[in-house]
Amino acid sequence: MGRAKKAAVGLLLAGHGAMVIAGVFQVVPFRDRAFGQLFTTLSIVTGTQTNFSFFAPGVGSQLKVTFRVHLPLETKEEVFAIGTREAELRIGNMIDTFWGRRVNEEVKQSVAASWAAKVFGDHPDAKAVEVFVDAFELPSMVEYKDGKLPRWDRFYTATFKKAGGDVAIPL
Amino acid sequence: MWRSLYSKADRFFLAPASAAPLAVLRITLSGLLIVQAYLFAAHLHDIYGEFGIIQAKLNSYFVGPLHLIANALGPEGITYTFYLYVASLGFLLLGWRTRIASVLVWATHFVVFMSRGHVSSYGVDTFSHIALFYLMFFPSNGMWSMDRAQGRAVDVFSARNRLGIRVMQLHLAFSYLATGIAKAQGAQWWNGEVIWRATMLPEFRQFDFSWIVSMPWLAKALALSTLVLEIGYAIFIWPRATRKVWAWSTIALHLGILVCLGLTTFSLVMMALNFSLFVISAEKELILPRLALPRKPKLA
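In order, the protein sequence lines correspond to chains A and B.
Mapping to numbering that gives the first Met the number 0: the first sequence position 89 is 88, numbers consecutive.
Mapping to numbering that gives the first Met the number 0: the second sequence position 63 is 62, numbers consecutive.
Below 27 Å or equal to it, Euclidean Cα-Cα: the simulated DSSO-like pairs (lysine-lysine) are:
#, chain 1, residue 1, chain 2, residue 2
1, A, K63, A, K160
2, A, K5, B, K283
3, B, K283, B, K7
4, A, K160, A, K75
5, B, K243, B, K219
6, A, K107, A, K161
7, A, K75, A, K126
8, A, K5, B, K7
9, B, K243, B, K283
10, A, K4, B, K7
11, A, K161, A, K75
12, A, K144, B, K219
13, A, K126, A, K161
14, A, K107, B, K56
15, A, K63, A, K107
16, A, K63, A, K144
17, A, K147, A, K63
18, A, K126, B, K56
19, A, K75, A, K63
20, A, K161, B, K56
21, B, K243, B, K7
22, B, K56, A, K63
23, A, K63, A, K126
24, B, K219, A, K147
25, A, K107, A, K126
26, A, K160, B, K56
27, A, K160, A, K126
28, A, K107, A, K160
29, A, K75, A, K107
30, A, K63, A, K161
Think of the hints as simulated: they come from the structure by calculation, not from any bench.
Chain B with its partners taken away, still in its complex shape (with noise of 0.2 Å):
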């Protein structure tokens, strides 16, 4: 029994598997964090200043000993970090030195977001910086890489390929079990309070929905339907035959929430990170139609 259940595990987590799903997770999360890094830019000192809306000194109280990170690089330190998290998100994004860019991207997330910026950070900078932590470790430039065009990095199909797919399968799986059942605790959830709220704060409000009183059921369908999809995802997430559905509908929650919450930045690392780990196969070649260049006619 403990050979099968071993050889199981085994193929499970080593099993060779295609580039492909890294790759459009490098892709895809490194194009949106610097799209969010533009949005943000022109309030980079009142968010993250040393004067800034939570004084430096100030926002040591709610970090703990990690904002020291931080406060070591003096003043002008976090502007010149998040200049070179964002060319570093530049070359992750290329695939250019992917491993160097990979650690450096983590980093300078890390001194930005979480330690300097940890009081105003938010759903989107935990689930990018559990991603970047993987991506470090794992092999995301065996596709569509500036390395593998130069032939730092080979598309093959590897034990490492899958092993960075399932640790990141698995923690997403655990984040949405565990978020669902913590929802589930909450009286909001069940009577869709929720909705009514999330919808109606000002600070998420996009639409007016208002008229949600009078379809009480519309509110209480919709908040206990994302209990299902989301208690339920670390379970029909796994077999073939509900795979795609579940990542598809999770992705359609996210765009629900973009579109309704106006969480948009989170709601797209979402849809990526669900995208390339559930949606994009691993088990066969990722076969893109191929631009039709003309041939340079040749000198004699």
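Chain A on its own, in the form it takes in the complex (with noise of 0.2 Å):
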């Protein structure tokens, strides 16, 4: 490889590796700017926005969702049908975005309905359907030993009735 060759492969991953340390502590150049946005759009491309925080700080809480389908003739409770674990994982990370930074009320109502959606469209003749969320309590090691139990907590609730035709998501 010629000096020149290996200057410049240098400095591509002299670049590739600004990034990943970039990501790693979240930082993007300029956000707000059109250079802010290409920065972003690349590191994502090129794998290096993500900042490794698997498990960390900790391990949080887990939410659960549940429905109430109100069909012409009974109701039935039922939860999102999962096949396998990793169909499972996934489906369990769509859940979470329930509490992520960037939802508030608004966005909560909509992902509400999303899953509302997909149980009226797995239920044509449904009327209502009832959307639970709870989130998983569990007590800390101490307190556990000393007798309290885990338990799911209400966390959110909403009904989606149908007025005809398909579900708005309301964004």
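Grab the two chains, each in its own frame, and use the hints to assemble them into the complex.
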């Protein structure tokens, strides 16, 4: 490899390394300008945007979604049908969007509407779908030893009624 | 002094290396991703469909401008992209037209998992995407590939092999360091609560670990040893004396995550990365026993 080629490769790698480090510290230079948007896009495309915060700084809680489906002749309790562990983890991540940093009440309603629309799709004759989101409350090791048990706490509820046609998502 | 540094850097990044590590990475990663694709193929429309659990319109809120790529494909586009992804993975596994296959795998992986599937993605997608990105630029068909068998690639010790291995090794080491430091900032990792919580949350619970409350020292020891392993990775993975021990210990950590938390594909991809980049030697030829096939009798 010639000197010029080595220098070019070195420069590219240095730039790439800088983007990896920027990704870890969530730094986006000139965030609000075109350069910042280009930088963000490039860092996602190259896989350098991640801050590798798996299970960091700790393990949070977990959400569970259940539905009460009001059919013409009966009312059924349902969850998302999941066939494999891989699908379960992915659907779990989709449910966890519910308490992301950017999720306000309006977005929560949109997410819940999206879930309800899925249930309406599976039950075209359903008149209404109630969405229940529960958060798992896990006591600490000491509390558990003292007899406190884990439990599901209601976190969010919403009801979606079909007014004819598709269920519209507010956003 | 600069000359000596330059020479060391030159040796570190460009000393000719075997094609084996990148070939092993290509085969293990593409094989695992094919299995992973099979495991959620039945839920493709639930997870990635336009009217899936998170509808395409809503997905754009979480993903930002990158949703435009997936949305441009239309309602059925994501299905065809997924089929193309799996087919390209097959070609990458076989090492047939490896460069084209690696570009297709990376691009389709990006569309399905990082653009359309952004909200459902997790660690396995992040690390797969990083590895697939590098596989586009560095040769992984020097060994055990159809390209090699058909004369389109050569099995030689080369500077490009070394550069590819080093760049990926550095990225992996840095990611362990970053995740270790991020974990060390949380109290759960110092008092062992993280082990309790991870094993007791319904999402990850594979066995009943409630007995660990009577042995909090064990939870603490497991959490602290994970911190040592991840933060120490950036240092101890490099010296020859500690490399194998650190790599195998990290593989054991991921095996533990696989068994105890059920994060199967994530753990297997991390094990494949560690195994191919730090256990497979880049310094000597890898000799595998050959199959002794009976020769065809010559016709007179």
